[in-house]
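Trainee: Chains A and B, in that order, give the protein sequences. Residue numbering for the first sequence follows numbering that gives the first Met the number 0, beginning at 0 and increasing consecutively. Residue numbering for the second sequence follows numbering that gives the first Met the number 0, beginning at 0 and increasing consecutively.
Honestly, I wouldn't trust all of these hints.
Stated by the list, open to error - Cross-link-like lysine-lysine pairs, in silico, DSS-like; alpha carbons within 30 Å at most: (1) K208(B) / K327(B); (2) K224(B) / K28(A); (3) K8(A) / K28(A); (4) K312(A) / K331(A); (5) K331(A) / K8(A); (6) K331(A) / K208(B); (7) K208(B) / K224(B); (8) K28(A) / K12(A); (9) K331(A) / K35(B); (10) K312(A) / K208(B); (11) K224(B) / K331(A).
Just so you know, the hints here were simulated from the structure itself, not pulled from any lab data.
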Amino acid sequence: MISRERSDKPLLKAENIWVVYPDGTIANKGVSISVYPGEVHGLLGENGAGKTSLVHAIYGVVRPSLGRILVDGREVRISSPRHARRLGIFMVPQHNVLIPRFSGRENILLAGDRKTLARAMDIISSIDIDLDIESPVETLERGLVKKIEVIRALATGARLLILDEPTSVMSPIEARELLEMIRGLREMGYSFIYISHRLDEVMEVCDRVTILRGGSVSYVGEPSDVRVLEERMFREVDVDEGVGEVMDNLNIILGVEGNGQLEYARDLLTYNGFVGYVPSYPYASIVPGMSLVDNVRFRVLDREDVNPVETAKYILERYEVLARDIYMDIGKLSGGNIQRFVVGRELEIGRDRCVLMFPSRGLDTRSTRLIWMRVREAAERGVDVYYFTEDVMEAVNLGGVVRIMYRRRVSDGVDSNELDVEWARRLMSGIGWNA
Amino acid sequence: MRKELLAAILSISIALSLYSLVIIYYGGDPIEVYIKMVRNAFLDLNGFRETVKLAASLGIISLGLAIAFKAGIWNIGGEGQYIIGGLAAAFVVYVLSPPLENPVIPLIASAIAGGIYTSIPSYLKYRLDVNEVLSTLMLNYVALYIMFYYVYGGWRDPATQGFPVTPEIPYSYRMPIIFGYESNIILLLLASLLVYLIMYRTRFGFKIKVYGLNRDAYEYAGYSKMRMIFGTLFISGLMAGLAGGLDFTGNFYRLRPGFASGLGYTAIIVSLMSSNNPMVIPIASILFSGFLYGSYTVAIVAGVPTEATYIMHGLLLLMVISRSALDKVVEWIWRMLS
Numbered sequence: 000m001i002s003r004e005r006s007d008k009p010l011l012k013a014e015n016i017w018v019v020y021p022d023g024t025i026a027n028k029g030v031s032i033s034v035y036p037g038e039v040h041g042l043l044g045e046n047g048a049g050k051t052s053l054v055h056a057i058y059g060v061v062r063p064s065l066g067r068i069l070v071d072g073r074e075v076r077i078s079s080p081r082h083a084r085r086l087g088i089f090m091v092p093q094h095n096v097l098i099p100r101f102s103g104r105e106n107i108l109l110a111g112d113r114k115t116l117a118r119a120m121d122i123i124s125s126i127d128i129d130l131d132i133e134s135p136v137e138t139l140e141r142g143l144v145k146k147i148e149v150i151r152a153l154a155t156g157a158r159l160l161i162l163d164e165p166t167s168v169m170s171p172i173e174a175r176e177l178l179e180m181i182r183g184l185r186e187m188g189y190s191f192i193y194i195s196h197r198l199d200e201v202m203e204v205c206d207r208v209t210i211l212r213g214g215s216v217s218y219v220g221e222p223s224d225v226r227v228l229e230e231r232m233f234r235e236v237d238v239d240e241g242v243g244e245v246m247d248n249l250n251i252i253l254g255v256e257g258n259g260q261l262e263y264a265r266d267l268l269t270y271n272g273f274v275g276y277v278p279s280y281p282y283a284s285i286v287p288g289m290s291l292v293d294n295v296r297f298r299v300l301d302r303e304d305v306n307p308v309e310t311a312k313y314i315l316e317r318y319e320v321l322a323r324d325i326y327m328d329i330g331k332l333s334g335g336n337i338q339r340f341v342v343g344r345e346l347e348i349g350r351d352r353c354v355l356m357f358p359s360r361g362l363d364t365r366s367t368r369l370i371w372m373r374v375r376e377a378a379e380r381g382v383d384v385y386y387f388t389e390d391v392m393e394a395v396n397l398g399g400v401v402r403i404m405y406r407r408r409v410s411d412g413v414d415s416n417e418l419d420v421e422w423a424r425r426l427m428s429g430i431g432w433n434a
Numbered sequence: 000m001r002k003e004l005l006a007a008i009l010s011i012s013i014a015l016s017l018y019s020l021v022i023i024y025y026g027g028d029p030i031e032v033y034i035k036m037v038r039n040a041f042l043d044l045n046g047f048r049e050t051v052k053l054a055a056s057l058g059i060i061s062l063g064l065a066i067a068f069k070a071g072i073w074n075i076g077g078e079g080q081y082i083i084g085g086l087a088a089a090f091v092v093y094v095l096s097p098p099l100e101n102p103v104i105p106l107i108a109s110a111i112a113g114g115i116y117t118s119i120p121s122y123l124k125y126r127l128d129v130n131e132v133l134s135t136l137m138l139n140y141v142a143l144y145i146m147f148y149y150v151y152g153g154w155r156d157p158a159t160q161g162f163p164v165t166p167e168i169p170y171s172y173r174m175p176i177i178f179g180y181e182s183n184i185i186l187l188l189l190a191s192l193l194v195y196l197i198m199y200r201t202r203f204g205f206k207i208k209v210y211g212l213n214r215d216a217y218e219y220a221g222y223s224k225m226r227m228i229f230g231t232l233f234i235s236g237l238m239a240g241l242a243g244g245l246d247f248t249g250n251f252y253r254l255r256p257g258f259a260s261g262l263g264y265t266a267i268i269v270s271l272m273s274s275n276n277p278m279v280i281p282i283a284s285i286l287f288s289g290f291l292y293g294s295y296t297v298a299i300v301a302g303v304p305t306e307a308t309y310i311m312h313g314l315l316l317l318m319v320i321s322r323s324a325l326d327k328v329v330e331w332i333w334r335m336l337s
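Just chain A, with the same shape it has in the complex:
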């Protein structure tokens, strides 16, 4: 076992990393980061701040245009993820990478051999957790799947593990358990780069954080003060931050995805009138290869009351979609911009009803606030809004009637300003429902 004492020698040191894409986008402007053995290093930043590019440079997915990377003090040119893994650097992406039909054991065996499995069992027993590696992973909770992914990476030889938004689709309880496991692994000397939007988690688990803003480092240090972190992370916010008045036609459905939201949304969509709909995977609602205008047009082919050109311009402006113009290919926009575009489009064309599935997921605070504002405006216009979210704080702040969803059950409505956060979290995790 490696000593918990922080050595002076960083496991990974990246200096002055510049990542420039062929289209001219500069994602990293001289970023440096160092991770020591046995450290959980938080990597924070808004959407588009350059987090993904930085870890892609470290993981060998992209080649930095400039800068050097040292592993164990030796300079390396990481040419591919395979190369990175040979150096002990692994990455667990946001979405499930295991084979759903196979059990955890089989998935671990697939990544290596019997020795790998033995090492995995060692790790599991030394951090003393209960992990089901016999059932097919498709039957497991997402928290457990993520744990298996982490264990598998470590058993295959990871010393530094990059975790990209590991808790993004987990219930609070699952997230807490994962954090606990990470703390246990840290004691064993493993290092982590922990990418997250959730400041409370970062403060709980990270030893140090690096914050990126606009492609440069804006803060390195211990995460002791949440206000400092927020200040370094976000650009100026000129959106009204106050909790809005509760609106009756603003329905907030709070619950972890996969508890019957899709079926509920489908029912809501069979409605006579102009309905807007933001699916939980916004890419399913856009046509890459077509312009922004055409991406409005295909939604309103049978409608006379919407002018695609005007609407597209309006969306660009009002939803802060960073696009060259309305005639550019939507496929060239970044994920956050596509999401704001889709939310904007649906709120503008759904004159009677608008169903939004997790519209703020993956977005930074500023974008989230912007969407709240526009949602409230739509509700003020008289649109029946159905806003699905997994985030309790969002349910509190948005100002509407909150219903909690768990395993196809929907609770009674509670006004946002009267919502008991602890009660809501328990219901979301399945505790406190009447039989």
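With chain A held as given, fit chain B onto it using these hints.
Mentor: Relative to the frame of chain A, chain B by itself:
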């Protein structure tokens, strides 16, 4: 646009150079052969007439295929729909023999028959999720053997003493000849305009594009999947059927086993090479049919078997489907130049 052109030139050049090896293998001189090919197909009056005639049918099938391809529906059945079109035209002439003796009624019948023939793969795809590549391809053979049934059977011309051909149709049923050229080419230009209008000036055309680029988004917007599958395949088959009718009334004037010459397959290459652009397809099909006709005539001269021209088709198709790899080469050349 210039990059696309460079890619097209590059792909054709690579195919031609590879084919040169075949010519050399048979003891010919590739440069001489290629020059002769161009001369026979484009500079010789009779040759050019054949080229244009061939281009009409080839282009019309390609236009139909382009609509399906644009929707991401892979109609490989152009050949079968073409044969069915020829059969329908023949049926009108031989069996119905309408009092109005002109090519219009046979042509309409051929188009409708070709369209209806696609309802089989459409239904299979829509209801049972059967891959249209397989179903349309298999139905080519069904069509082929239906034609054989009539050509070797009931419709065989007794005057030819055993040759499996149907009787030549009367002049009244034939496509008119204008200034020494078959008027077939006019239909190609009309079809090209029609497909252009469908693709770029109608809601259906817009929906085709959406469906082709992202089916999820198409269904998300609440549009009918059934209409898209049946609609695009129907238009596709309609065009191929029309081309079959056209070759019957304006080219061969009869059915024979060689009526199915693989035009429906060649059309796939033409559509793909033209990036499914209805304005480019007529040009591409004239070039391609000139190339086809030229290679047939030259084959005899150069001592290369006509069958070897299929190697050429194969090479061209290979170049078309390696487009993405080729694009990288083009990108590289582009950077070297600038």
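Trainee: Against this structure, judge whether each hint is valid.
Mentor: Hints and how they fare:
no.	hint	in the structure
1	K208(B) / K327(B)	holds (25 Å)
2	K224(B) / K28(A)	violated (47 Å)
3	K8(A) / K28(A)	holds (25 Å)
4	K312(A) / K331(A)	holds (17 Å)
5	K331(A) / K8(A)	violated (41 Å)
6	K331(A) / K208(B)	holds (18 Å)
7	K208(B) / K224(B)	holds (13 Å)
8	K28(A) / K12(A)	holds (16 Å)
9	K331(A) / K35(B)	violated (47 Å)
10	K312(A) / K208(B)	holds (22 Å)
11	K224(B) / K331(A)	holds (27 Å)
The structure fails hints 2, 5 and 9 (numbered hints given earlier, in ascending order).
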